[in-house]
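Novice: Start from the sequences and build out the full structure, keeping to the hints where you can.
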Amino acid sequence: GENVEQHPSTLSVQEGDSAVIKCTYSDSASNYFPWYKQELGKRPQLIIDIRSNVGEKKDQRIAVTLNKTAKHFSLHITETQPEDSAVYFCAASTSNTGKLIFGQGTTLQVKP
Amino acid sequence: DTAVSQTPKYLVTQMGNDKSIKCEQNLGHDTMYWYKQDSKKFLKIMFSYNNKELIINETVPNRFSPKSPDKAHLNLHINSLELGDSAVYFCASSYGSPGSYEQYFGPGTRLTVT
Numbered sequence: 627g628e629n630v631e632q633h634p635s636t637l638s639v640q641e642g643d644s645a646v647i648k649c650t651y652s653d654s655a656s657n658y659f660p661w662y663k664q665e666l667g668k669r670p671q672l673i674i675d676i677r678s679n680v681g682e683k684k685d686q687r688i689a690v691t692l693n694k695t696a697k698h699f700s701l702h703i704t705e706t707q708p709e710d711s712a713v714y715f716c717a718a719s720t721s722n723t724g725k726l727i728f729g730q731g732t733t734l735q736v737k738p
Numbered sequence: 024d025t026a027v028s029q030t031p032k033y034l035v036t037q038m039g040n041d042k043s044i045k046c047e048q049n050l051g052h053d054t055m056y057w058y059k060q061d062s063k064k065f066l067k068i069m070f071s072y073n074n075k076e077l078i079i080n081e082t083v084p085n086r087f088s089p090k091s092p093d094k095a096h097l098n099l100h101i102n103s104l105e106l107g108d109s110a111v112y113f114c115a116s117s118y119g120s121p122g123s124y125e126q127y128f129g130p131g132t133r134l135t136v137t
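Protein sequences, first through last, are from chains A and B. Be aware that the first sequence starts at 627, since it is given in my numbering, and climbs by one per residue. Be aware that the second sequence starts at 24, since it is given in my numbering, and climbs by one per residue.
The set of hints was computed from the structure by calculation and includes no laboratory data. Among these hints, one or two may not hold up.
Stated by the list, open to error - Which stretches of chain B does chain A cover? Using the computed rule of at least three CB atoms under 8 Å from a CB of chain A, they are:
| no. | region |
| --- | --- |
| 1 | 116 to 122 |
| 2 | 129 to 135 |
To be verified - Pairs of lysine-lysine, DSSO-like flavour, derived with a Cα cap of 30 Å:
| no. | chain 1 | residue 1 | chain 2 | residue 2 |
| --- | --- | --- | --- | --- |
| 3 | B | K90 | B | K63 |
| 4 | A | K697 | B | K67 |
| 5 | B | K67 | A | K648 |
| 6 | B | K94 | B | K59 |
| 7 | A | K683 | B | K75 |
| 8 | B | K67 | B | K32 |
| 9 | A | K668 | B | K64 |
| 10 | B | K42 | B | K94 |
| 11 | B | K59 | A | K648 |
| 12 | B | K75 | B | K42 |
| 13 | A | K648 | B | K64 |
| 14 | B | K63 | A | K697 |
| 15 | A | K683 | B | K67 |
| 16 | B | K59 | A | K697 |
| 17 | A | K668 | B | K45 |
| 18 | B | K59 | A | K668 |
| 19 | B | K67 | B | K90 |
| 20 | A | K694 | B | K63 |
| 21 | B | K75 | A | K668 |
| 22 | B | K63 | A | K668 |
Yeah, the Cβ is synthetic: ideal placement off N, Cα and C, and Gly gets one too.
Specialist: So this is what it looks like as structure tokens:
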């Protein structure tokens, strides 16, 4: 069945450093890959997404890369700030099923 | 001007009871979802409706029954609540076909079954 593996489960960085979170997916038909940020006690919110016809997308300090051959995608956050501290979820879906399958989440802590 | 709203925010109830959670979106979206987030923060799709029609029905116990009276509302009714139902339930909505576009999540309903 569909599966999304996310690593690491926790990540601690110093303010100003970069953070990288990696995900792999099992369904080769997956074509939409969003990343959500969830602050403590809050709702998940989309921070960036990428579709299968694109290899990389950037939005200010956040970038996502996609390797369809290897079936993995990554989130890169540069110049991290304390307010980046949250749980980050990757997800993958296909237009066949319409199901968004989430990774297990990464708790990012940015130390000031 | 809340985009996706849920009621109640907190729900504490005893095993065996029946409860409902309501969700409304004012974004004009076609698709609505219910997700369950367990104590380990894992987010799992439960149901999805597109234009009031059930599209996704994951392997959840049939004690859980969604109902979409119109495109803007998706409610979740849970019968005979069990301890394992304790979780945060998120409603979400999106434009177009399920899973294809950004999903906007509601604030969540924290259900505690005692």
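Novice: Report the numbers of all earlier hints that the structure fails to satisfy, in ascending order.
Specialist: 7
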